[in-house]
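Q: The lines below spell out each chain.
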Amino acid sequence: MNQPNTIRPDRSESGASLFAVTMLVSVLATLSLSMVMVNTSVVSEHESGKRQVASVLAAESGVADAVFALNNGGTGDIASMANPVEHAGAQYWVDATDLGGGLVALVSTGIDAQHGSRVEVTMQEVKNNIWTWGAFGDEELTMDSNSHVDSYDSTLGDWASQAVNSSGNGTYANQNGNVGSNGDVSIDQNSEVHGDAVSGPTATTSVLGNATVSGSTTPAGSPQALPALVIPSFPSSGPLSVSGSQTLASGNYYFSSVTFGGNSELTVTGPATIVVDDYVMKSNTTFWVDATNGPVELYVIDDFILNSNTLMASTTYDPADLEINLESDNVINPTVNVQVSEVNFESNAQLYGTVFAPNATIDIDSNFELFGAVVARQVHLSSWSRVHFDENLMTAKADQNSTWQALCWRTVAYHPSNMNQGAGGQNYP
Amino acid sequence: MRAQRIHTASRRGGFTLVEVIVAAAILVLMMTGLGLITNTSQSAYRSTMLVASADVRARRALTRIASELSSVGGSVIAPDPTSVFGTDTIQYQRATGVVGGAVAWSPTAQLGFEYAPGEANDGVDNDGDGVIDNGVVVLTLNLGMANQQRVVLCNGVSELADGEVLNGVDDNGNGVADESGLSIQRVGDVMIIRLCLEQRDDGNGTIVRTQQTSVRLRNIDL
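From first to last, the protein sequence lines are chains S and E. To convert a position in the first sequence, counted from 1, into my numbering, add 1448. To convert a position in the second sequence, counted from 1, into my numbering, add 602.
Chain S with its partners taken away, still in its complex shape (with noise of 0.2 Å):
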């Protein structure tokens, strides 16, 4: 009976510590909420601004892979909308829109979960110019004495039917056989270009003693920009050994070895596309080109060697009718310890095509005969060598190797409700 008289007095103390904790701890809690609510709200702001940002990287990404597409023969069209390309998360693709006069409209567009970003590129091509010259090294070019560089135009005639005016060592047609290099050129004595002799734009044009240059020995203001090799990929063939008198249809052929026997000759009826991987012409051999229906391109990825007295020529002599490409390389870099390939242009042999080398030092051996122009990381040509340039090279092959460069670059403005829309650019907001 008493228990109750005890109870009650206690409960009544334990109230105002109640009230006070109470009070407390709803005072905290409030303000503990409204911080980790503040900081919900700024951890969800940088995460929206993470992914924003990664969208805009995502649509940066479909803008290179578009150019590079567009440097490689593509359209520039990269996946849709309906299968983008997965990017780190982010997905991109990239609509193209060939807008004429050599312009083309990339719109790439990136996502990332609700966020999302898009930006136009405008591409120019820029046409291939590197058949200005006779010949062009990279890194430099040299010319032994009695060298000699010229110009003509195969389509009116061969160059000794123009070959009329004399010079010092013989005769040479036109004036337009430019040499360069986007580092010096040096030209030794008697040696005679008829044409430019331009250097890169810091480097010089070192012309010695009698030598002559008819044109102007200004560097360059920029440097000359080569175009990027890529070698076709086909099935191989195995190895081609050619005896005696033979030929290969048109078509794309991989061989793993392309060797000419003694007095043997191979014609190639164009169009053809022939990647080989070591290419060997013994001497007195000869590759013909039958071009009444389409060029022939030569991809070389290592060995190349014409030897001594061999020609390659089309029946025509049109040096549009050949192109040599060479992925070799034969520079030795002391820090690297690689197998360099063999490349040779021996003595009294004759060539009439292009030769365009961008890793490997070309030396044109004494007495070679060069009609078209040659193209190469350097160029060395020897003593008594002989470059005439088709001038003709000079529209023949304006279209190929063609680069696109960035015209024009802005974001468009990116809506969820207009990623239907059609490429170009011009119809976003």
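Treat the hints as calculated values from the structure; they're not laboratory data. Take the hints with a grain of salt, since some may be wrong.
[Unchecked claim] Interface residues of chain S toward chain E, partial, derived using beta-carbon atoms under 8 Å:
1) L1472
2) V1473
3) V1475
4) M1483
5) V1490
6) E1493
7) S1615
8) A1854
9) W1857
10) T1859
11) A1861
[Claimed, not checked] Facing chain S, from chain E, some residues (calculated, C-beta under 10 Å):
12) S655
13) T665
14) G703
15) A704
16) P719
17) N723
18) V726
19) L762
20) D823
No residue lacks a Cβ here, since even glycine has one placed at the ideal position from N, Cα and C.
Model the placement of chain E on the given structure of chain S, informed by the hints.
A: Relative to chain S, chain E alone:
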């Protein structure tokens, strides 16, 4: 038994003066403690809020500024802020596409620091916000045209960047000398933008927050 029970209840129903005083003292102490804790918490909360708010405002403004500048052309920036002093006001045009084979440009726009309304460059807190000579970042579109638009991207911008003094020297070691609270500097094809916000907090302190971003100018060669 009954009388005894009533007597007991009566004796235990009241408090002595000492008990009341002690209880009141304890209650006062508890409430004081509670008040102090609450005050401290609220102060910390407000500081956190101000810092967070300043960071968010600066980030939003920088994002907008970077977006504005990303497509400007190199030939249509004035001044070109390549010097060590950078600039706090820049006029520019943005590429809007290609028309007839040539790049089309937007009307001239301007980004810049301006003193806040009611504030002046006089070393005095004219507007009474607790910060001297502070300003705003203003984006002006269609500059000088009939349809000119003026947008305040951010307020509470300090007159000078944190740690900087007008002495021709890079006092804060960020590569720019005597820069304002809004600093725009170009290094190569990259535009570096710094924004310093300053705000008086509830106590006697000042909250200073600086954020920086950079953007590559894609049309810098144009």
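Q: Each hint should be assessed against the structure and marked as holding or not.
A: Here's how the hints hold up against the structure:
A least Cβ separation of about 5 Å between S/L1472 and chain E falls short of the 8 Å threshold, and the interface hint therefore holds. At about 10 Å, the closest approach between the beta carbon of S/V1473 and any beta carbon in chain E exceeds 8 Å, and the interface hint on this residue is violated. Because the closest C-beta pair between S/V1475 and chain E is about 5 Å apart, less than 8 Å, the hint holds. For S/M1483, the suggested interface contact is upheld, since its CB lies about 6 Å from the closest CB of chain E, less than 8 Å.
Residue-level restraint check for S/V1490 holds (minimum Cβ-Cβ distance to chain E is 5 Å; threshold 8 Å). At a threshold of 8 Å, the smallest CB-CB gap from S/E1493 to chain E is about 6 Å, leaving the interface hint in force. Here the hint on S/S1615 is broken, as its CB sits about 43 Å from the closest CB of chain E, past 8 Å. Interface hint at S/A1854: satisfied, since its Cβ lies 7 Å from the closest Cβ of chain E, which is below the 8 Å cut-off.
For S/W1857, the interface hint holds, since its Cβ comes within 8 Å of a Cβ in chain E; the closest pair sits about 3 Å apart. Using the Cβ-Cβ criterion of 8 Å, the hint placing S/T1859 at the interface with chain E is satisfied: the shortest such distance is roughly 6 Å. Because the closest C-beta pair between S/A1861 and chain E is about 11 Å apart, greater than 8 Å, the hint is violated. The closest approach between the C-beta of E/S655 and any C-beta of chain S is roughly 9 Å, which is under the 10 Å cut-off, so the hint is satisfied.
Satisfaction of the interface hint for E/T665 is found here, the shortest Cβ-Cβ separation to chain S being roughly 7 Å, below the 10 Å cut-off. Hint status for E/G703: holds, given a least beta-carbon distance of 5 Å to chain S, under 10 Å. Nearest Cβ of chain S to the Cβ of E/A704: about 9 Å, under the 10 Å cut. The hint holds. For E/P719, the interface hint is violated, since its Cβ never comes within 10 Å of a Cβ in chain S; the closest pair sits about 27 Å apart.
With a least beta-carbon distance of about 33 Å to chain S, the hint placing E/N723 at the interface is violated under the 10 Å criterion. Evaluation of the E/V726 hint against chain S yields a violated restraint, the C-beta minimum of about 33 Å exceeding 10 Å. The beta carbon of E/L762 comes no nearer than 27 Å to any beta carbon in chain S, farther than 10 Å, and the hint placing it at the interface is violated. Here the hint on E/D823 is kept, as its CB sits about 9 Å from the closest CB of chain S, short of 10 Å.
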